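Student: Residue strings, one per chain:
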Amino acid sequence: MIAMDFFRLIIQSLAGLGNALCFLGDILRNVLRGKVRYGEVLRQVYEQGAQSVVIIALTSFATGAVLAIQGAETLSRFGAKQYIAQLVAWSLVREMSPVFTAIIFSAKAGARITAELGTMNVNDQMLATRALGVDPIEYLIVPRMLACFLVMPILTIVSEIVGIAGGYLVGIFEANIPGPYYINQTLRAVRYVDFFSGFAKVFFFAVLVGWICCYQGFVTQGGSLGVGKYTTKAVAYSIIIVILSNTVLTKLIITFWG
Amino acid sequence: MIRVEHLFKSFDGQKVLNDISFSVPEGEILVILGASGTGKSVLLKCMMGLMKPDKGQIWIDDKEITRLPEGDLLKVRKHIGYLFQEGALYDFMTVYENIAFPLQEHTALDQRAIEAKVKNALELVDLQGVEGKHPSELSGGMKKRVGLARSIILGSKILFCDEPTSGLDPIRSRDISSLIKNVSKRLLCTTVITSHDIRNSFYVADRCALIRDGKIIAMGTRSQMEASSNAFVKEFIH
Ligand SMILES: Nc1ncnc2c1ncn2[C@@H]1O[C@H](COP(=O)(O)OP(=O)(O)OP(=O)(O)O)[C@@H](O)[C@H]1O
Ligand SMILES: [Mg+2]
Numbered sequence: 001m002i003a004m005d006f007f008r009l010i011i012q013s014l015a016g017l018g019n020a021l022c023f024l025g026d027i028l029r030n031v032l033r034g035k036v037r038y039g040e041v042l043r044q045v046y047e048q049g050a051q052s053v054v055i056i057a058l059t060s061f062a063t064g065a066v067l068a069i070q071g072a073e074t075l076s077r078f079g080a081k082q083y084i085a086q087l088v089a090w091s092l093v094r095e096m097s098p099v100f101t102a103i104i105f106s107a108k109a110g111a112r113i114t115a116e117l118g119t120m121n122v123n124d125q126m127l128a129t130r131a132l133g134v135d136p137i138e139y140l141i142v143p144r145m146l147a148c149f150l151v152m153p154i155l156t157i158v159s160e161i162v163g164i165a166g167g168y169l170v171g172i173f174e175a176n177i178p179g180p181y182y183i184n185q186t187l188r189a190v191r192y193v194d195f196f197s198g199f200a201k202v203f204f205f206a207v208l209v210g211w212i213c214c215y216q217g218f219v220t221q222g223g224s225l226g227v228g229k230y231t232t233k234a235v236a237y238s239i240i241i242v243i244l245s246n247t248v249l250t251k252l253i254i255t256f257w258g
Numbered sequence: 259m260i261r262v263e264h265l266f267k268s269f270d271g272q273k274v275l276n277d278i279s280f281s282v283p284e285g286e287i288l289v290i291l292g293a294s295g296t297g298k299s300v301l302l303k304c305m306m307g308l309m310k311p312d313k314g315q316i317w318i319d320d321k322e323i324t325r326l327p328e329g330d331l332l333k334v335r336k337h338i339g340y341l342f343q344e345g346a347l348y349d350f351m352t353v354y355e356n357i358a359f360p361l362q363e364h365t366a367l368d369q370r371a372i373e374a375k376v377k378n379a380l381e382l383v384d385l386q387g388v389e390g391k392h393p394s395e396l397s398g399g400m401k402k403r404v405g406l407a408r409s410i411i412l413g414s415k416i417l418f419c420d421e422p423t424s425g426l427d428p429i430r431s432r433d434i435s436s437l438i439k440n441v442s443k444r445l446l447c448t449t450v451i452t453s454h455d456i457r458n459s460f461y462v463a464d465r466c467a468l469i470r471d472g473k474i475i476a477m478g479t480r481s482q483m484e485a486s487s488n489a490f491v492k493e494f495i496h
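Protein sequences, first through last, are from chains F and G. Taking this note's numbering, the leading residue of the first sequence gets 1, the next gets one more, and so forth. Taking this note's numbering, the leading residue of the second sequence gets 259, the next gets one more, and so forth.
No lab work stands behind these hints: they were computed from the structure. Note that the coordinates shown come from a computational prediction; the quantities given were computed from them, not determined experimentally.
Straight-line alpha carbon distances no greater than 25 Å define the calculated SDA-like cross-link-like pairs of lysine to any residue that follow:
id	chain 1	residue 1	chain 2	residue 2
1	G	K336	F	F23
2	G	K336	F	R29
3	F	K233	F	L249
4	G	K391	G	D349
5	F	K35	G	F350
6	G	K310	F	D124
Using C-beta positions, here's what the derived DEER-type ranges look like:
id	chain 1	residue 1	chain 2	residue 2	range
7	F	I240	G	K310	31 to 37 Å
8	F	T232	G	Q272	25 to 31 Å
9	F	L21	G	H364	30 to 36 Å
10	G	S487	F	L14	53 to 59 Å
11	F	L21	G	E355	32 to 38 Å
12	F	L28	G	G478	49 to 55 Å
13	F	R191	G	L367	54 to 60 Å
All C-beta atoms, glycine included, are put in the ideal place defined by N, C-alpha and C.
When you get a sec, could you build the whole thing from the sequences and use the hints?
Tutor: Okay, here's the thing in structure tokens:
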């Protein structure tokens, strides 16, 4: 009995994954054929970006500050307080900013995407799109997906800059490090490899989060209850997958790239 | 010309359409009658290719649509006006943008021409001064009329209306019915309407069909329906 249920669960998951892959394939086909509505993309970029930028800046600032406080505490035990700048910059650029941005983006913009598409689904607006002879993937999904791909990297850079600023303030006021020295240390610490090893991940996360959130919205059914269910599912999946895939990506990047 | 042949559709074992066949000659208005939950909307969605039937064929002009891939279906649907039961307007667009949407998608008209057409369509459905409102600010009946305006704006030769008069007051129902009849007769539209509003149905319809338990149990003109000896038909139309 339990074995049967388990078996069914596996089959269902595989079918779900297959459908989700077909969905991604449809999106890619549209993009490759140049069926992209740039006006819509721009509108989505604005909406998603404007929605998440403040909260991402806030959390990044706090994260940078916390890293500096902890850094000052631990590093001063080894008499290495002057390395706070490096610690903050490396942590943010290599790990924290990409991952935090992806997580907060999922919870804000991602949830919005799923809820919006899901509501359109349960109110027949998705069907209406098809009835009007317009492909909903082209009209509704591709712009949202591309917007994710464009907005998340920008948000990550915002997060890195604001986070470093948070660390800087703690550094000069709490740890009494001279400001110009701190900035100089930061700039010297972050090499291209550091920056791009973090930055490359963001594009992965953007595709994953956009894909998950758009897909969950696209398959939402079951009225307003369904919208709630699929939206939470989209956010939960996004966050779990970002964190798990980050582990793999970090290992890969460090192995092959330093 | 629309032809439906031996259509079957069920959901999780619940048989909704059970061998439906009929045809609508060009320019005719057919009203499909039936109690709530008998599958009228499902039938119309199948005819639009929005739902796949389990079995059977649907011919729109000379195309069999049940096996067409979505890409080809989109092209077929450009030539069909479809009114959803709940209107199905885009929440994120104003009334004006909703009605203008099909024109922007499928015609090369300029802004001025689109404006004139939308204004005209809104006048037809007796709605003025709501262009700038969002659907959430409209009543159910108003949404339906906006939906109707959107579905006739391209002047398609085929028109499907899912319960155009439900949720409207009796006078508006009559107005909307005569509007559909006028539009349909003027453009020689092949029109399929679902309804459970007998009075208006007899008014617009060239022929009616009554569905029960997934089957068409009676079909014909008003006088043929009224002359039917079937007990359920009598009960339904009186
Ligand atoms: N997507 C769906 N999934 C499962 N069952 C469905 C679905 N759509 C419709 N049904 C079922 O099919 C039956 C017919 O539904 P339909 O909406 O076609 O009724 P209707 O004749 O249009 O009713 P009404 O006059 O109230 O609009 C209902 O019993 C409904 O439960
Ligand atoms: Mg219905």
